[in-house]
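Colleague: Residues per chain, in single letters:
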Amino acid sequence: MRADFRRAIALLTVLVALAGLQNRAPLAAADIPNDTGAIEHALNRLTFGPRPGQVEEVQKLGLARWLDRQLNPSSIDDSAALAKLTPLPQEPEVTDRRALRNASEQERMQMQRQVRQYGRQSVQALAAQKVTRAVFSERQLEEVLVDFWFNHFNVFAGKGRTSSFIPDYEREAIRPHVWGSFRELLGATAKSPAMLFYLDNWLSADPKAAEQVQRAANRLRGRRGGAGSNMPPPAQQAPRRNGLNENYARELMELHTLGVDGGYTQQDIIEVARALTGWTLDNGRNGDFRFMPALHDRGEKKVLGHIIRAGGGIDDGERVLDIVAEHPSTAKHIATKLVRRFVNDEPPPALVAKVAATFTATKGDLREVVRTLVTAPEFYATENRNAKVKTPLVFVVSGVRATGRESVQPRQMLNALQQLGMMPYMCQPPTGYDDTADTWVSAGALVTRMNIAQQLTPTRAAQIGGPDFQRY
Amino acid sequence: MTSRRFFLKSGAMTMLSLGFAPSFLARTAAAASGRRRLLIAIFQRGAVDGLNMIVPYGEAEYYRLRPTIGVPRPGSPDGAIALDDFFGLHPRMGALKPLWDNKSLAIVHASGSPDRTRSHFDAQDYMESGTPGVKSTRDGWLNRYLQVSGSDASPLRGIAIARQMPRSMQGRAPSLAFGGVDAFDVRGGMDSQRSFEQAFEQADNPLLRGTAKDAFEAMRTLRTIGTPYRPTADYPRSPFGQALQEIARVAKADIGLEVAFAESSNWDHHVNEGSTQGQIAQRLDDLASGLAALATDLGERMSDTVILTMSEFGRAAAENGNRGTDHGHGNAMLIVGGPVKGGRVYGKWPGLKADQRFEGRDLAITTDFRDVFSEIVTAHLALTKDGISRVLPGYAASQTLGLIRA
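The listed protein sequences derive, respectively, from chains A and B. If you read the first sequence in the working numbering, its first letter stands for residue 1, the second for the next number, and so on. If you read the second sequence in the working numbering, its first letter stands for residue 1001, the second for the next number, and so on.
It should be emphasised that the hints constitute simulated quantities derived from the structure, not laboratory data. Treat the hints loosely; a few may be bogus.
What the hints assert, rightly or not - Below, a sample of chain B positions facing chain A; criterion: calculated Cβ distance under 8 Å:
#, residue
1, Met-1165
2, Gln-1170
3, Ala-1177
4, Asp-1182
5, Gly-1188
6, Gly-1189
7, Phe-1200
8, Ala-1203
9, Asp-1214
10, Ala-1218
11, Ala-1397
12, Ser-1398
Think of the CB as a built atom: it goes at the ideal place given N, C-alpha and C, for glycine as much as any other residue.
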């Protein structure tokens, strides 16, 4: 009841914010066009491409109603798509602490091999699930958004044991939050083992509390010696925690929230890194998030002009996430990225401003942010239709969807993505994969697309490998 | 090696069979006009730790700042390989020592961007656009070189062995990015190739139309260079080594290559960087053995070739809390080739003491990376002064290093 009330207030705020531009409720059918051109455009951008006959289906239902359903996907039955997924491999027994504690050195190395293999296999299986869902899920917009937000908060399966954390990362940190609040999504990624490991924050420690830190590290090492972290590094390589690591703090502001021109300094990065010291991994069975006070810098911090008083603990990091999530640069940065993905490589400033206004007015309610985007007249503007070149992921999946096929060979699709340089979960830098034509159009890539079309969709190779199909 | 005559003949036959206009024939023939001065640019993505690559072993502060990851002085077990009485090569880069000794390897230390950013993305962007601090630059500096110097529109003047067109080569001058010569071919026979080619000729989107045109044109030329390639050196089996091998293959075919680009990735060592062993040692081994193999394989062709390495910024002078290094500022560039006045470390060394460091933490910059770009483009590729102002807009030379033989 209270939540509903808050939602209503939030919605009202958006409407007030947009007053003058739009006086009607966003999804009144009259606001949304229903011609085949607009529907095809919406299906191109908000799904992984239309299936045969889908434009007509949506027209019958009405694009406004279709949008409503995609924006509230829990009402859409997706069991048929889920039934097509091959389950992920089981985590091997060896990650159990006790098993490792009693093992000989040789057995332990064998177990570590198994764990590494598990990491590889689970990411491969997850990638197969991803492309299968992309083809078959009825909750298409949700799948597109899961891909968008994973890429926004990118982690790389090739870095150490990140791979073994990735299935949980997507399932628990990304997927449940794509219709929720940005702050919750941000918090879930900040505390995820995948992100803590990938951007090294698990190792960052207060440089001044050297003695405490050393004690903590020794405790950890002792535990690691006999116990199963998912992939304990060999002893001589065990990284020491002697001080700050700025990696996550920097990317948190540059990529996840404010954007590179968002108005932070090198000193802000250091202060944020200090606030996040102690946000680390439990080295036990699952490597869950854990706050370790012994690693935490308890001094005062000044982040983007806000004072965080001395003596804090885990709250320092929560406060940092509040500060960066609420910063006006973040609204603009997220809006720009969304508009670039869904509308145009050159985001129209007026639409960015509109989407950012909703972000601010709703305190980052991502459903409302997306609603603003997909109901804006600019979204449907003629100059934005077919204005983008498909990324490899969109190309491959939309090609398969266009055939109307009822079953797919995920391995073949992944092989195509590998050749085009967009393998899921394998983007090494934290920026994630690019979203613009400049990156994805090259001589080699076009030739590879022609060859993939012949291999993956032989009956329609000329169309799918041809120029029109590369645009959307 | 394919002779020009062979190309013209087989090219003309292909053309006749496809019914192409004679203007196309003329243009492709120009592309085949053979050997040109060559620049091979290598981008080390992720920011290599230049202080562990080219070690300032004569600087006591270096060892104080890097107690666990510093590379030991020459003469110590597994110590740096002395280049002079102050700098040394990382011990796993021994493959480059002969090039230093025969004076075809030069180093520019404490070089980098005048922009202060420590963002990988921005710093790479600035270095590749050639316009530090300016985000609105649309094309890359190597593409602008091709635009300004271009006498013909052959896409084989500039190639990147990469799945994606690197920022440095993006722009309106035709250029190519592909993974390797052999895979760069449309399958399914001539019919399928012809139908794709015709479809792309009709494409509305100029980027798709232009890129496809370059692709088909280049494909016909590359088919003439012969396969399999037999290099005269052992390249590392890494993606980097294989990319260099493909560059040598195209260069040696004398089909008009002027600029080539390859990348070496995975330099962002925030944790457990290592010193003489470990992550950075493995990456430097790959870099050095790749460059050495390229120089050997190019052989006599090295007399008019310059190889240039770059990376977006250096890393902090002090190691961080995890035996790694965070993002820094100044870095080192390697320049290899016959035209290079090698055997010298260029640039003023700013020192590593606290008050000598950039913002108190990083190696300062005494050479703008554009000083290096500019000298190579003017002295080696022989571009005019007017031309260089279009390749590097907004840049005014602050010094002359004298890297390239007159």
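Colleague: Now, for every hint given, state plainly whether the structure supports it.
Modeller: Hint by hint, here is what the structure shows:
no. : hint     : result
1   : Met-1165 : holds (4 Å)
2   : Gln-1170 : holds (6 Å)
3   : Ala-1177 : holds (4 Å)
4   : Asp-1182 : violated (12 Å)
5   : Gly-1188 : holds (5 Å)
6   : Gly-1189 : violated (10 Å)
7   : Phe-1200 : holds (5 Å)
8   : Ala-1203 : holds (3 Å)
9   : Asp-1214 : holds (5 Å)
10  : Ala-1218 : holds (6 Å)
11  : Ala-1397 : violated (29 Å)
12  : Ser-1398 : violated (25 Å)
Figure legend: structure checked against the earlier numbered hints; hints not met, in rising order: 4, 6, 11 and 12.
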